[in-house]
Every structure is written in C-alpha cells, then in structure tokens.
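Enquirer: Below are the chains, spelled out letter by letter.
There are 2 protein chains.
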Amino acid sequence: MSATKKNPVRTTRRQFLSAAAGGGAAVTAQSILPVSAAEIEGLPPEVADWSRYLGEGVDAYPYGQPSKFESHVVRRNVPWLTASVESSINFTPLHELDGIITPNGLCFERHHAGVAEVDPAEHRLMINGLVEKPLIFTMADILRFPRTNKVFFLECAANSGMEWRGAQLNGCQFTHGMVHCVMYTGVPLKLVLQEAGLKTNAKWIMPEGADAAGMNRSVPLDKALDDCLLAFKMNGEALRPEQGYPLRLVVPGWEGNMWVKWLRRIEVGDQPWHTREETSKYTDLLEDGRSRRFTWAMDCKSVITNPSPQAPLLHKGHNVLSGMAWSGRGTVERVDVSLDGGRNWRHARIDGPSFDKAVHRFYFEFDWQGEPLLLQSRAIDSTGYVQPTKDELRAVRGTNSIYHNNGVQTWHVRAGGEVENVEVS
Amino acid sequence: MSATKKNPVRTTRRQFLSAAAGGGAAVTAQSILPVSAAEIEGLPPEVADWSRYLGEGVDAYPYGQPSKFESHVVRRNVPWLTASVESSINFTPLHELDGIITPNGLCFERHHAGVAEVDPAEHRLMINGLVEKPLIFTMADILRFPRTNKVFFLECAANSGMEWRGAQLNGCQFTHGMVHCVMYTGVPLKLVLQEAGLKTNAKWIMPEGADAAGMNRSVPLDKALDDCLLAFKMNGEALRPEQGYPLRLVVPGWEGNMWVKWLRRIEVGDQPWHTREETSKYTDLLEDGRSRRFTWAMDCKSVITNPSPQAPLLHKGHNVLSGMAWSGRGTVERVDVSLDGGRNWRHARIDGPSFDKAVHRFYFEFDWQGEPLLLQSRAIDSTGYVQPTKDELRAVRGTNSIYHNNGVQTWHVRAGGEVENVEVS
Chain E
1 MSATKKNPVR
11 TTRRQFLSAA
21 AGGGAAVTAQ
31 SILPVSAAEI
41 EGLPPEVADW
51 SRYLGEGVDA
61 YPYGQPSKFE
71 SHVVRRNVPW
81 LTASVESSIN
91 FTPLHELDGI
101 ITPNGLCFER
111 HHAGVAEVDP
121 AEHRLMINGL
131 VEKPLIFTMA
141 DILRFPRTNK
151 VFFLECAANS
161 GMEWRGAQLN
171 GCQFTHGMVH
181 CVMYTGVPLK
191 LVLQEAGLKT
201 NAKWIMPEGA
211 DAAGMNRSVP
221 LDKALDDCLL
231 AFKMNGEALR
241 PEQGYPLRLV
251 VPGWEGNMWV
261 KWLRRIEVGD
271 QPWHTREETS
281 KYTDLLEDGR
291 SRRFTWAMDC
301 KSVITNPSPQ
311 APLLHKGHNV
321 LSGMAWSGRG
331 TVERVDVSLD
341 GGRNWRHARI
351 DGPSFDKAVH
361 RFYFEFDWQG
371 EPLLLQSRAI
381 DSTGYVQPTK
391 DELRAVRGTN
401 SIYHNNGVQT
411 WHVRAGGEVE
421 NVEVS
Chain G
1 MSATKKNPVR
11 TTRRQFLSAA
21 AGGGAAVTAQ
31 SILPVSAAEI
41 EGLPPEVADW
51 SRYLGEGVDA
61 YPYGQPSKFE
71 SHVVRRNVPW
81 LTASVESSIN
91 FTPLHELDGI
101 ITPNGLCFER
111 HHAGVAEVDP
121 AEHRLMINGL
131 VEKPLIFTMA
141 DILRFPRTNK
151 VFFLECAANS
161 GMEWRGAQLN
171 GCQFTHGMVH
181 CVMYTGVPLK
191 LVLQEAGLKT
201 NAKWIMPEGA
211 DAAGMNRSVP
221 LDKALDDCLL
231 AFKMNGEALR
241 PEQGYPLRLV
251 VPGWEGNMWV
261 KWLRRIEVGD
271 QPWHTREETS
281 KYTDLLEDGR
291 SRRFTWAMDC
301 KSVITNPSPQ
311 APLLHKGHNV
321 LSGMAWSGRG
331 TVERVDVSLD
341 GGRNWRHARI
351 DGPSFDKAVH
361 RFYFEFDWQG
371 EPLLLQSRAI
381 DSTGYVQPTK
391 DELRAVRGTN
401 SIYHNNGVQT
411 WHVRAGGEVE
421 NVEVS
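Line by line, the protein sequences are chains E and G.
Note that the numbering used here numbers the first sequence so that position 24 is 24, with each residue one more than the last.
Note that the numbering used here numbers the second sequence so that position 147 is 147, with each residue one more than the last.
Hints may be right or wrong, so weigh each one.
Note that the list lumps identical chains together, so a pair holds whenever it fits in one copy or between two copies.
No more than 20 angstroms apart at the CA atoms, straight line, and that leaves these computed lysine to any residue pairs for SDA-like [said to hold, decoys possible]: (1) 190 <-> 140; (2) 68 <-> 120; (3) 190 <-> 349; (4) 68 <-> 122.
Hints were generated in silico from the structure; no laboratory data involved.
In this text the structure is predicted, and so the values were computed from the model without any measurement.
Based on the sequences and whatever the hints tell you, model everything.
Expert: Below is the structure:
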C-alpha cells in the first residue's frame, strides 16, 4: 500500500494559541469552531431535564460507578482467541482512555485458571528455599514493612502478538489493549527477602500464585532486590481480584506474567526452574527453530489510541491525535508522529508525569480536511532505543513469534474519517 | 487532657533495614515478626479452595469491581448532618486507602440538588458576558482543544468543619473524608475563553452547573487564565456522574464548590456576582460578626489515616503510621509526626510523587509496646506555611466557622490499640 499523496499541514500549539488569542475575527478555518457558533448573547441554553429535577442523593452508590452513557467503555474478550474464558484474556479500551492512569475497572485481565477469590484473612505468603529462616507471612505482617508508591505499566508479552503475521484485529483495544498503568502501593521485595535471610548461593527466586494454575516464573535475584514490590494496593485501593488480590508481585518493566498474582510463595534457588510458562510459553521461536531465552524486558513501544479503528475522525479542521508510549527500560524521551506512513515525522507533545517504566501520554494537534492519512507513532526511550517497524522486527525475529511485538502500528484514515489497521512497507 | 508520659522509641528506617539484613538470629523484638514464624522447609502451605478450583473467566466483569472482601470500603453519608440526601455529602474512606490517588468509586460526593444525569451528546457549554463572540460548545468541540494531564486534590471547604467546636466524629473518614485526589485530563480554560475573546474590562468569570441547583460561583479571571481546567476525564476514564460528568471546572488548590460540576455556562463579568454559595454559605463568620470575604485557597493540612478510630493498632512491635498531606498553595515540603500530643516531633517520610496542589503520602515507621499515644501530624508547604493547631486557628477565627478548618488532628491510641478523636491543649 502506498503512502498518501497529500501531506496535511500541522498547526503547532504555538500557532494554535496565537490564533485563539486573536479572538473572533482572526479565528476562521484554523479555529476550534463550535458546532453551534452563533450570536447568543442574552439567550440561555435550552434547559434540559437534568437542570429541572433533583438527581440521586449521596446514598445511591456507596461505591461509585460510571455514567450509563459510558456503558460501551468496557474490557472486551475475543472468544475465538482461546479455548476457555478461565485461561484467557480481555483487553483495555485504550481508545476511550486518556492520561497515564488506567482506572482499576478497565485494567485488562489475563488468567491461567480464572480469578482466584482469595480471603485476605486466610492468605499466606511463604518464603522458602535458600534462606536462613523460612517464613510464612500473613497480610497483616506484610503491612508492617515500610511501603512505597510507584506508577508502573504492566504489559502482557503477547500484546500485539497477532501483528506478527499482518494486521488482523481492527482496534487498538485488541492490538494493544493488554497493557495498563496504575500507581501501586507495596513493600520492596528486598525487605521481605532480607527478613528471611538470603543464603550466599541464592541467585534466583520463583514466585508462585495461589490460583489453581499455580502460576510461577523464575526471576533473577538481582531484579528481585532491585525494584520488585509486593503490592497490595492499586490506584489507592485494594488490588482488584483479577489483578491478584490481596497480593501480587510487581516486576517493573518486565513481561506481565512474571508479575505473579495471588502471590502465595517465593522460593529462593541457585538456578532458574524452567517452568512451563517460561519454556513452552512466553518464549520466542525464531526462524531457525531456536528460541530466545529469557526475554524479560518489554521494549519501548507506542500506539496512537485516537484516532484508531474504534475511534474514527468525526470532524474536519482541528483535531487532537492522542496516544501512549512506554518502555521497560526507562522513561520515554520522545515520541514522533507520522501522518504519511513514515515518510515524514514530527515531534509529538508528551504531557503529564514521566515516570520510569510507566505509560507516557502524547498528543499531536493537527488539521484535517478529509485527506487520507497513514498514522504512525514511534517512541524513543531514555536509553536511546528507537521503536522499530514491524518489518525491522521480522527481519531479526521471523514470524513464528507470539510475544514481544513492539513494532510501529499504522492506522489508515480514509476520506470519510473511518480508520483501519493496515501495514505499510 | 494531658499528654502521655511514655515516649515511644522510634526505629528509623535505617535501623530497621539493618536489623532485617541481619537475618534470622539478629531479628528479634525489632523485627517484622511473622505470625507463623516456624521451620517450614519442605512443607507446602495449606491448600485453599481457591488454589484447587477454576475461578471466574475474563468475561465475568466487563467493568471490574472490588473484591467481596472489601465490601466495607465505601463512601458513607451521615443522615443527621443534612436535611436531604440530594443536598448532602458523603465521605471518602481515607483509612482504607494508600498512595496519592483516590480511586474514582471512592471519591467523596457533595451535591446541592442530587446527581445530574447528563447526556453528553446533548450537553452544551456556553460562554457569554464580556466576550467578543459568545459561543456554545458541544463536548466534541471541547475535545478538539489541546489537553493536559494534572493531579490535583479537591477538598470541600467544610471538611473538618465539625472540629471547630471540638472533636465530634470518630473516624478520619468523617473528620477529613471530604478530600480526594485524582489525575484529570482537560483543556486549559484559558484556551476556551480566548476562543470567545475576552473584552478588556473582563475581570471575573461565573461558572454555572447544569444541575437543578444551578450551582455557581465567582472566580477571578487571573485564576481562570492561570491553571483552571475544563476536565472531562479523571484517572483516565470519563468523569463519574457525581463528579460532574461530562464536564467539570477544575480550580486547583481552591475550595471544592468552585469546581463547578456538570458545567453548562461561564459568564464573563467585571465584578463578582456574590451568589448564594459565596455569601450565605461558604463564608466564614468571625467572632465579631464580620465575615471573611472570598476564602478560596485551601491551606496546608494533613491527617494521620492509619492508625485512626476506624483503623486501630492491632499488633505490638513494628507498625507503619500512614497519612496524607496537601496544600492549595503548592507542594508539601515536610510532614512532622508526634506520638505524644505535640511535645516531640519527628520527620515523617514523604513517599510517592510530589505534585503541586496534590495529596502527598507520608509514612512513619515506629515501634509500639502497648503504651498510650497521642498521634498528630503537621504539614509544611512550599511557601513555608506551617499547619496550625486548632487552638491557634480558634484564636484568630473564633468558633462560628464551618469552613476552612485545617488544624492539627489528634488521635488517642489506648493501651488496647483502640483509637479515638481527642483534643490536646
């Protein structure tokens, strides 16, 4: 597919502000034209029912819920992707969100044996293996360690996995929706391991979940002692059941299934365990039949969430392009946006907090007059790593992989504003 | 009431880490002793049902909900406080939260005519008064302006109002629960006002709500052009109905009822309107019968959320004291904690992001052997302002006030760990 001929002119923020500051007369085609621009001085807006009658009181929702007008903003699963809903995934509706925080009710889910419904009063965390003093902790014990608060993204290694062999799912919710970003409150894992006392030959840990899958992975001790957390809160409140309530391991920047949920045990060892989920699964098969060993870090990645197939362009004139970028190796330093399939790039504006190993929000204000677009975003992280194209990834990795596809995504905006998932070469 | 005699010895974080690093033998009374410390090598923990059976699948909750074991973590209203639930308040369960983000479902509510159930497709924002070009915006129009993402606390001016005449409500949810802190996505109000074009004599704006109360307040134009936002998202998703869906005014650092919800109109004028909610209400009556005029900024304040009356001390030995601090005039630079009613103060540890006009989280790790405590926290903001005692406030303001009580709160911890709301002089 060839790139679009016409190259839309970007209005920079400065130009925009300058035009806006000019007031009525100066603000013409470049303006954020209201739909109902009119001389309305003295006339009140039409009075809606909600301005005329009392609404519900403060006792209606002890725990609040979204507006009924937002009922389409939900996680969605794709039944044909997996054999059962208990070992499956659903997807965050990225195109409906903004900022860098994912609200708890919309964080994607991935389970291997369904959501364990754990009673926190009965839950225990056991530390055993190469430690001086094997221990079992209650949740109350964990809460007596010093805590910290950190924002981290969590991305499933299989996010965008369907993109290896070409564009297949039509919506960023499905192509990129296995990522979320929340503020965790937790105890540095280091403190709890030190309480048990690490033996001198300790080199690895194996966190294990209390779900029926007994989910487990090998994590090098260096990482465990560096920035891993035993998290019990997300965005201020208790972890949600589907996110490992009451206790999950946080492994910043590394693939999601290492963040063991419903954490019940950490075994300390001197070598990796080569569990099921790090051998037959969560391993990348190369073209020559060999597999990459231990691909933990999630490389720098970005996606344009608006416009995207589920969020078409609706208006000509000024529009806000929005997207998210993240890196498992640091912060995101820069995001470039292309409107013409990668021929020309311009810097997007990163807005909001920039945290290590967290989602960054970017915007690009542009003018659109109905011409077709090929939208791309490309993120560059604090190590200097540049998000690759899908073709660049395939040249190195082949197309046998499921995991770790961080290639540049392309959205084709048609003349009518509809958006589809395409590839450009 | 006199201060407690015994002065508990604080274990510093360094001492704690040092003790923990010492391993089994060195870790005695100063340790985070697990409840079930034992030699358990080789024995798996008891296997719970949730480790034996499949849980619910990924299609169970398109919009996720808290664990059933967290059903007590809810906003609570106090029926006797107000005449009706439509013009009333409920309170954030601060003692159940951590970090700096309040989850959307637990942000306190304050309405004057119930929750307006606004259809975003029908909603309009009108700008009129001293502008070159009066305008009516749809929500789609608003979304075409450049956006920004900011974390701000919102505090009702009446928060802690019952404390003016002495301790009355037994729990930080009720004494301090009219505050929350979220990340907003919105458009700088400045851009929208500039689109309408401000006349040279414009000095004030009057935002007005689309609820049946037609809630309105006078806001000086300088503030409007400085940092106010037209917010449409909170913590990543659409505003909740009770927080002004689909559009609310964000007035950083200033009292909550200026943050007009369900925002339908902004009138620009050359003087304040002296509306009901800034004259008969939301005004502080002094001892001499005069009132303070326009008390917008919320002064620096803090509260210990754990332990507190709803969250007693349950264990001797190491404990984590936690609390929150905020200032409408900047960041929080320091928080001091006293265990003896203000005789001795020590620095708390502020942990997590420090944003301008946002909640800050603080911790203080201490050892408790059952002695009574008089817990206090005292915050100091980036302007150098020190949170006053309640007596210091009363000396200046008398006790006729309802609003703007940012005095130091005292919790009395009894020998059994129970906590009550008290005053010390």
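Enquirer: Given a CA cutoff of 20 angstroms, do residue 68 and residue 120 count as a within-copy pair, a between-copy pair, both, or neither?
Expert: between (32 angstroms within a copy, 11 angstroms between copies)
Enquirer: Within a copy, between copies, both or neither: where do residue 190 and residue 140 come within 20 angstroms Cα-Cα?
Expert: within (18 angstroms within a copy, 48 angstroms between copies)
Enquirer: Using 20 angstroms as the alpha-carbon threshold, which applies to residue 190 and residue 349: within, between, both, or neither?
Expert: between (37 angstroms within a copy, 19 angstroms between copies)
Enquirer: Is the C-alpha distance from residue 68 to residue 122 at most 20 angstroms within one copy, between copies, in both cases, or in neither?
Expert: Between copies, since 14 angstroms is at most 20 angstroms while 37 angstroms is not.
Consistency note: the structure conflicts with none of the earlier hints.
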